[in-house]
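Participant: Quick note: the first sequence uses the UniProt record's numbering, first residue 1, plus one each step.
Treat the hints loosely; a few may be bogus.
[Claimed, not checked] As a list, the in silico EDC-like pairs of lysine to aspartate or glutamate whose alpha-carbon atoms are at most 16 angstroms apart:
no. : residue 1 : residue 2
1   : 70        : 89
2   : 86        : 29
3   : 36        : 21
4   : 362       : 89
5   : 433       : 340
6   : 214       : 19
Calculated directly from the structure, the hints in this document are not laboratory data. Quantities reported herein were computed from a predicted structural model and do not represent experimental measurements.
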Amino acid sequence: MNAELTSLMGGSQSMSTWDYDCFYASVFEAENPALKSLPLAVQQKQIVVTCNYEARRRGLRKLQLIKEAKRICPDVVIMLGEDLTKFRDASKELHAFLKKNTWGNRVEKLGFDELLNRHDLQNSFFQLDKFDPTVGFAFDASTFCGPTYPAEPCPSVKEDGEQLWFSSLDVGLRLGSHLANYLRHQLEQHTPYTATVGISTSKLLAKLVGNLNKPRLQTTLRPPYSATDDGQGGNVASFLGQHEIGKIPGIGFKMAHRIRTHILGREPNLDVYEGLAEEDNVSVDVVRSFPGMGPVKLDEIFRGGGWPKDIGTKVWGLLNGVDDTEVAVGKAFPSQISIEDSYSQVDNLQSVRNELLPLTRKLLRRMHADLTEDEEGEELTTGHATVQAGRHLPVKRKKRWLGCPRTLRLSTRSRPPSLPDVGHQLHSNRISKSCPMPRFVFSFSETVEALAERLVEDTIVPLFRRLHPDKSGYKLSLINIAATNMMECAGSENSGVGQDIGAMFRNQGPRPTQFSNLPAVCSHRVTESHFDNQHHGLKHVVDGEVDQTRGDAAVLEWTSDEDGESENSATPHDECTICGAFIPWFAVQAHSIYHSVQT
DNA sequence: TGGGGTCCT
DNA sequence: AGGACCC
Numbered sequence: 001m002n003a004e005l006t007s008l009m010g011g012s013q014s015m016s017t018w019d020y021d022c023f024y025a026s027v028f029e030a031e032n033p034a035l036k037s038l039p040l041a042v043q044q045k046q047i048v049v050t051c052n053y054e055a056r057r058r059g060l061r062k063l064q065l066i067k068e069a070k071r072i073c074p075d076v077v078i079m080l081g082e083d084l085t086k087f088r089d090a091s092k093e094l095h096a097f098l099k100k101n102t103w104g105n106r107v108e109k110l111g112f113d114e115l116l117n118r119h120d121l122q123n124s125f126f127q128l129d130k131f132d133p134t135v136g137f138a139f140d141a142s143t144f145c146g147p148t149y150p151a152e153p154c155p156s157v158k159e160d161g162e163q164l165w166f167s168s169l170d171v172g173l174r175l176g177s178h179l180a181n182y183l184r185h186q187l188e189q190h191t192p193y194t195a196t197v198g199i200s201t202s203k204l205l206a207k208l209v210g211n212l213n214k215p216r217l218q219t220t221l222r223p224p225y226s227a228t229d230d231g232q233g234g235n236v237a238s239f240l241g242q243h244e245i246g247k248i249p250g251i252g253f254k255m256a257h258r259i260r261t262h263i264l265g266r267e268p269n270l271d272v273y274e275g276l277a278e279e280d281n282v283s284v285d286v287v288r289s290f291p292g293m294g295p296v297k298l299d300e301i302f303r304g305g306g307w308p309k310d311i312g313t314k315v316w317g318l319l320n321g322v323d324d325t326e327v328a329v330g331k332a333f334p335s336q337i338s339i340e341d342s343y344s345q346v347d348n349l350q351s352v353r354n355e356l357l358p359l360t361r362k363l364l365r366r367m368h369a370d371l372t373e374d375e376e377g378e379e380l381t382t383g384h385a386t387v388q389a390g391r392h393l394p395v396k397r398k399k400r401w402l403g404c405p406r407t408l409r410l411s412t413r414s415r416p417p418s419l420p421d422v423g424h425q426l427h428s429n430r431i432s433k434s435c436p437m438p439r440f441v442f443s444f445s446e447t448v449e450a451l452a453e454r455l456v457e458d459t460i461v462p463l464f465r466r467l468h469p470d471k472s473g474y475k476l477s478l479i480n481i482a483a484t485n486m487m488e489c490a491g492s493e494n495s496g497v498g499q500d501i502g503a504m505f506r507n508q509g510p511r512p513t514q515f516s517n518l519p520a521v522c523s524h525r526v527t528e529s530h531f532d533n534q535h536h537g538l539k540h541v542v543d544g545e546v547d548q549t550r551g552d553a554a555v556l557e558w559t560s561d562e563d564g565e566s567e568n569s570a571t572p573h574d575e576c577t578i579c580g581a582f583i584p585w586f587a588v589q590a591h592s593i594y595h596s597v598q599t
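Given these sequences and hints, build the entire structure.
Facilitator: And the structure:
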């Protein structure tokens, strides 16, 4: 394996990004399944923040004006989604689902509907026992599961008997694709939600490749990633190169604008409504091959923008498919909680007070929901432990703070003077003031209602006066209250690296009952017709009726090691000295752990 | 154009 | 305290 490849793999082999399909709309559909067959849009103020696929089929889009949506699709069903509570709750459930199936708590959240999951193939349970399919799950390691980019392997590779790149990268990605498929089906079985997944070796690549097959499918970026010796370009370069520069995660509106301006030699025409004009598109390929382009040039392009010091190097890396950022460990609580609302016009102190009170109540409720736990919380998380704790019933539920915000921040946005402004809405207009979070808000003995009133009068109104010293003259279009500067409270658990091995054993594989229809050993390969891309939105699970063609049994069939794989296999296997099963290298460690806890 | 979040300077 | 980025 060459050094470039090692760098692309980042040592982590494989990871996936999970994107829950039209998330807000799915939450409403989960509440009321009758909505599934109707065009459904979720509204915040004047816009459609998301809509289901039936609505998209009829021409609706995300971030469309409500007016426009109603014009295009008069019978659209509209749900109000300004209160995020139910979405946040659903998001937590989905995070918990993936976390319990992942070693080392390597599940990072990006917003409410996106997760990054670092696969841990050393510890994941594949093919643990060839004769007992209930341990782990079986799969055909000679194929990728589900759609890939490119769809077919490079022809030149097949001719090449040596298959230089047929390495741990291949194995890791194949495995990643099967693991993702397994987990997607688990998700669909156990929750009302569906997800779209991208599998690759970095956040950058996994996120982008996941966009290729959108609802309810997965896509894996195939090797070879880097250029091979015979001059074939790698798939990373060909895949990334086609993307418009602003589509690359990490290159936002401002940086994309600077790059386009430099490449085009003029300001792009930015129609805020139509997006970027076709002739102003600048692809990654064009940027990368622009004369003199490199980290130094990029630093020059970004000079004076207040970006981090090493931004040129970082962006050059992204353009070349290099993203070394680790999947973060899932945090026990957020590092900031904020509540905001927008208004047509708030212009006097009494209206401000009227708006501050409900916002503050919501903030305090959120602090209780997200930053506290029951004193005996961890003992009560599983049914098993509940029985043991039952001896002490009735249990006194004492709450305690897990995290403690030390700062309170008030932000406002003023309505811009109503100039028929052709200029872009580049600056956000928000201003803020902060102060220490008063201690009394952490009291468990007073009601949220009482605490909120006190907080508004004692703390937030004074903050507001500092923020807007002039008695009048402000026209607020937004107020935001935030609890920030979060500190971990003493005594909270150190949610370190994968401690509950027992729980992982219980969760890594399907329950035995799910395999009750399976023969103990299946020796045929998974056929094409089993893959999701063959049903492409045709078959769905309808209200509790499970579509058998999508179940574990159909998708996760076994391929025996000895026939297809052994002679030309690039996947090393070891024979287990205890049970005699052939174990791929990546599962050896997990397999031995399996034996060690089996007794 | 919403109601959230992250990290960096 | 603000500004970039993300969804």
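Participant: For the pair we were handed, residue 214 and residue 19, check the Cα-Cα distance against 16 angstroms.
Facilitator: holds (9 angstroms)
Participant: So if I understand the rule, the pair passes when the alpha-carbon distance is 16 angstroms or less; does residue 433 with residue 340 pass?
Facilitator: holds (15 angstroms)
Participant: Measure nothing beyond the straight line between the CA atoms of residue 70 and residue 89; if it is 16 angstroms or shorter, mark the hint as holding.
Facilitator: At roughly 29 angstroms apart (the allowed maximum being 16 angstroms), residue 89 and residue 70 break the hint.
Participant: Check the hint pairing residue 362 with residue 89 against an upper bound of 16 angstroms on the C-alpha distance.
Facilitator: holds (15 angstroms)
Participant: Does residue 29 lie within 16 angstroms of residue 86 when you go C-alpha to C-alpha?
Facilitator: holds (12 angstroms)
Participant: Hinted pair, alpha-carbon criterion (16 angstroms max): residue 36, residue 21. Please report holds or violated.
Facilitator: holds (13 angstroms)
When held up to the earlier numbered hints, the structure conflicts with hint 1 and nothing else.
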